[in-house]
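Student: Sequence:
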Amino acid sequence: PESILTQYGRKMFRNFLELTAGTWDNKQGAAVAAPADKKLSILDKIYAHRKNAVDEQKKIPALRPEALQAAYDLNIAPPQLSFPDRLRQSDYPLSLMAEIKRASPSKGIISANVCAPAQAREYAKAGASVISVLTEPEWFKGTIDDLRAVRQSLEGLPNRPAVLRKEFVFEEYQILEARLAGADTVLLIVKMLDIELLT
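The sequence shown maps to residues 1 to 199 in full-length UniProt numbering.
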């Protein structure tokens, strides 16, 4: 996602505001061919890598989609909080979302040795309404086990923060995996998903 506060975000927003209605017939010659040597964005690279990794993961017997669904059907997923309701229950004038992130493609290593559950406890004590946990392993150095440990560390806290899985989510399998690990919600990068998948 691109913030409208960045230079690229402002340009994107300006372009959006300049859109006009019409038909393909009215816009003859408006289409521009994509350059043949266009480089993949980092989002595209990570997305392609995650697609391959998830496809491989689903071949592991205990992690097959059927196995996760069977576990979910046994009602063993931790109880789920309503994300919007939890945002509205802040003791403060605003709701704070804190994030556990070891690294990023743009910043490199941020905090490689962070203990995810201990950091989550600190965020909860400081009043965070939501804790976002990066679970992408290559570029962000997170795992689904981080999310699971974060959720366990928050269990029993009064008015516990909601837990968000921040990952390149592109299929229901990953949502099921997130719920079983204790996520209350997941981040969807709409730019990376097609309309059919979103509806």
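Hints may be right or wrong, so weigh each one.
[Stated by the list, open to error] Here are the simulated distance ranges between beta carbons:
id, residue 1, residue 2, range
1, Y92, E66, 22 to 28 Å
2, L94, E56, 37 to 43 Å
3, L193, E18, 22 to 28 Å
4, D91, K45, 30 to 36 Å
5, P105, E155, 29 to 35 Å
6, E155, S41, 37 to 43 Å
Source of the hints: derived by calculation from the structure; they are not laboratory data.
Bear in mind that the values here come from a model prediction, so they are computed numbers and not experimental data.
Heads up, the beta-carbon is just placed ideally off N, CA and C, and yes, glycines get one too.
Student: Indicate, hint by hint, whether the structure satisfies it.
Tutor: Outcome of the hint check:
At about 44 Å, the beta-carbon gap between Y92 and E66 misses the expected band of 22 to 28 Å. Look at L94 against E56: about 41 Å separates their beta carbons, and that is inside 37 to 43 Å. At about 25 Å, the CB distance of L193 to E18 agrees with the hint of 22 to 28 Å. At roughly 41 Å, the beta carbons of D91 and K45 sit outside the given window of 30 to 36 Å.
Between P105 and E155, the C-beta spacing of about 32 Å keeps the proposed range 29 to 35 Å intact. A C-beta distance of roughly 38 Å is found between E155 and S41, which places it inside the suggested range of 37 to 43 Å.
Violated hints for the displayed structure, listed by number in ascending order: 1, 4.
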